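J.: Okay, here's what each chain looks like letter by letter:
Protein chains: 2
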Amino acid sequence: MNYILKNKSHIERIENLKDSISALNRLLLRVKDEERLFNEICNILVKNNNYIFVWVSLKGEDYSVKPVAQCGFESSYLKNIKIKWDNSKYADGPTGKAIKTGEPQVMQDIKNNPEFRPWRKEALKRGYRTSVAVPIKHGSNIIGALNVYSQYKNVFDDKELKFLTEVAADITLGVIKIRSEKKLKNIINGTIKAVSIIHKYRDPFTSEHQNNTAKLSVEIAKKLALPKNTTDGINISGLLHDIGKIAVPSSILNKPGKLNEHEYSIVKDHALRGFEILKNIDFSWPVAKATLQHHERLDGSGYPYGIKGDEIIIEAQILMVADVVEAMTSYRPYRPPLNLETALREISIDKGKLFNREAVDACIEIFKKDNFEFDNSFHLNDWIS
Amino acid sequence: MNYILKNKSHIERIENLKDSISALNRLLLRVKDEERLFNEICNILVKNNNYIFVWVSLKGEDYSVKPVAQCGFESSYLKNIKIKWDNSKYADGPTGKAIKTGEPQVMQDIKNNPEFRPWRKEALKRGYRTSVAVPIKHGSNIIGALNVYSQYKNVFDDKELKFLTEVAADITLGVIKIRSEKKLKNIINGTIKAVSIIHKYRDPFTSEHQNNTAKLSVEIAKKLALPKNTTDGINISGLLHDIGKIAVPSSILNKPGKLNEHEYSIVKDHALRGFEILKNIDFSWPVAKATLQHHERLDGSGYPYGIKGDEIIIEAQILMVADVVEAMTSYRPYRPPLNLETALREISIDKGKLFNREAVDACIEIFKKDNFEFDNSFHLNDWIS
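Sequence order for the protein chains is A and B.
My numbering applies: residue 373 is where the first sequence begins, and numbers increase by one.
My numbering applies: residue 373 is where the second sequence begins, and numbers increase by one.
These are calculated hints, taken from the structure and not from any lab test.
Model, not experiment: these values are computed from the prediction.
One copy or two, either will do: identical chains are not told apart, so a pair holds if it fits within one copy or between any two.
Keeping only pairs whose Cα atoms sit at most 25 Å apart, straight-line, the calculated DMTMM-like set for lysine to aspartate or glutamate is:
hint, residue 1, residue 2
1, K600, E433
2, K557, E412
3, K419, D405
4, K572, E635
Whole structure, please, built from the sequences with the hints as guidance.
T.: Here it is as structure tokens:
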């Protein structure tokens with residue numbers, strides 16, 4: 373009887389551990405930020421595994437150990453304790469040692485182990501009898517520790533330790549996933565910012581034009597209820613669509629008079645040049661293609677290839693509307709700006725012929741109903757509704 | 373007795389599943405490429421869980437199902453079968469359905485289930501009696517399927533299925549990790565390529581100069597036995613260190629005569645301009661700082677800040693040596709190139725004073741012993757050893 377009972381409780385315990393692993397796996401697939409990752413892991417462990425208190429700490433550069441998430445009976449425990457990973461006595465407990473050594477630290481008897489002295493009083497007050505600190509690490513790089521407390525003795529045997537080591541590995545995976553997604557986003561944003569600074573040195577008109585085109589394109593995409601991801605791509609395409617103008621000499625770009633045929637052909641080259649530049653970057657969106665096609669027109673009268681209708685991707689169909697409205701209403705060295713009413717009338721005339729009908733309607737609504745305004749100094753804000 | 377036995381085998385089986393999960397977690401933390409991920413997962417499952425055959429397939433855009441890894445008794449099974457995820461009969465088996473529906477598909481009886489008919493003969497020949505196909509997915513995005521075969525009946529109960537669903541989730545995590553690391557690398561490389569194209573439009577001398585400086589800097593860093601990661605950062609810094617010259621007017625950059633004081637101060641600005649551009653990109657290396665400091669000198673005689681010795685990061689200390697050697701030995705509109713011997717003598721005179729002693733020695737050795745050569749057309753290859 374005893375044997376069966378022991379087995380039963382053993383099975384139950386293993387089942388609990390397995391349930392936690394399942395819950396963690398589901399969590400890892402969906403989680404997007406670290407705070408949430410840490411907190412949900414604490415919740416899962418307290419809920420499924422009968423721990424009285426669980427917390428996650430990150431290693432600070434200044435030898436600090438910073439609690440970042442917790443669950444269970446805490447009662448200000450973390451406020452009342454001091455943990456470090458330096459050479460002081462505050463680093464001699466399980467957490468400090470786990471972070472220093474990279475190995476799990478089991479405290480089987482909080483009451484009597486001298487190493488736990490600095491935290492003993494506060495721990496016993498709250499009924500913590502045993503604890504373990506498992507390092508959260510990526511190879512030899514220690515990120516922090518997972519700290520688990522129990523009110524029972526002999527909980528942290530080899531099986532439990534193995535399980536908690538898995539949990540720590542899961543936390544590492546989650547952290548890697550979140551940080552690399554964030555890093556990617558930062559790199560993309562930083563790149564766009566860097567390229568836009570480069571561009572600005574050469575050509576302030578184009579730089580501001582791109583910001584405004586992006587802003588208006590995004591509003592059109594939203595009005596057309598395009599998916600968030602497509603809209604994100606349109607934003608980036610807007611910000612970069614004229615990058616090819618960097619290959620056009622300033623003397624042509626800023627020529628006060630009318631361009632001759634040769635000069636105009638150099639300007640028109642910018643769509644293809646932009647494509648050549650941007651195709652190297654492995655964006656998740658068709659940024660290079662939208663750039664290539666933003667001077668095409670639905671009826672085939674555009675450039676560089678004179679493609680028609682659906683051959684032009686939706687991103688470019690939206691971009692071209694925002695592009696012409698922004699360009700017409702802003703100042704250029706060779707002409708004054710059109711007022712907005714005139715510009716909207718212009719695209720309205722060509723809707724369905726040169727421009728996507730819905731995109732034009734959306735654009736007009738954005739200005740007339742939503743009072744959209746461009747941001748920049750080269751614009752006349754002379755719209756009268 | 374029967375009950376205990378049943379429990380015992382149940383415990384063993386769960387232990388096996390747990391061992392597999394542990395092995396998978398360790399794998400996920402270290403794996404760097406997909407092929408390896410898939411193959412090792414197949415190995416773990418066959419080794420720990422008594423399956424006769426395990427394979428992983430990826431969903432192809434053309435409705436194909438492509439086997440990418442396998443382990444166990446296969447005996448050309450995959451060569452002899454055809455699986456799709458379209459509307460044909462080849463999509464009616466467990467794998468096709470798993471990919472189409474996103475739900476696990478259990479085939480409890482390969483011998484008698486009519487849906488397995490297209491693959492039955494080949495499966496029975498090899499002793500496969502039951503099978504399951506679990507979709508590998510990220511949210512609603514189906515990536516492929518994990519396919520598992522057993523020679524026993526009733527193996528794929530709820531517990532086993534739950535376990536294999538975890539394994540599939542682990543595969544997804546691994547794929548995400550690998551693909552996002554790869555994506556990050558691609559984006560960084562693509563960005564550098566894009567920026568270098570932009571740069572080339574304006575200033576072909578500088579563009580080629582950067583490539584050569586990067587190449588020589590990397591060799592110096594290797595000779596100094598710097599860590600691989602530092603060397604990678606030096607490469608990128610070399611490729612971008614003169615990006616700030618994009619802010620210098622071509623008329624000054626390519627002026628055939630000597631620059632006046634004002635013009636020279638504009639040229640000197642390029643270090644700070646480069647820093648301003650590059651600091652936006654969240655590289656893992658001090659690319660912006662190396663760019664800022666590449667015209668500083670050990671004795672404080674450099675620019676923009678006149679900092680000294682260890683205030684200059686090692687990346688910049690290496691970069692500056694490569695930079696001056698490359699510059700001196702290459703053609704400029706305002707002067708012919710120096711020959712290499714003279715250039716190396718020049719840096720040798722200033723070693724320990726302006727330049728890092730070891731970097732200079734390494735540089736000289738690279739040319740004299742390793743026969744290093746610059747790549748470009750503006751170089752005289754007139755080195756006589």
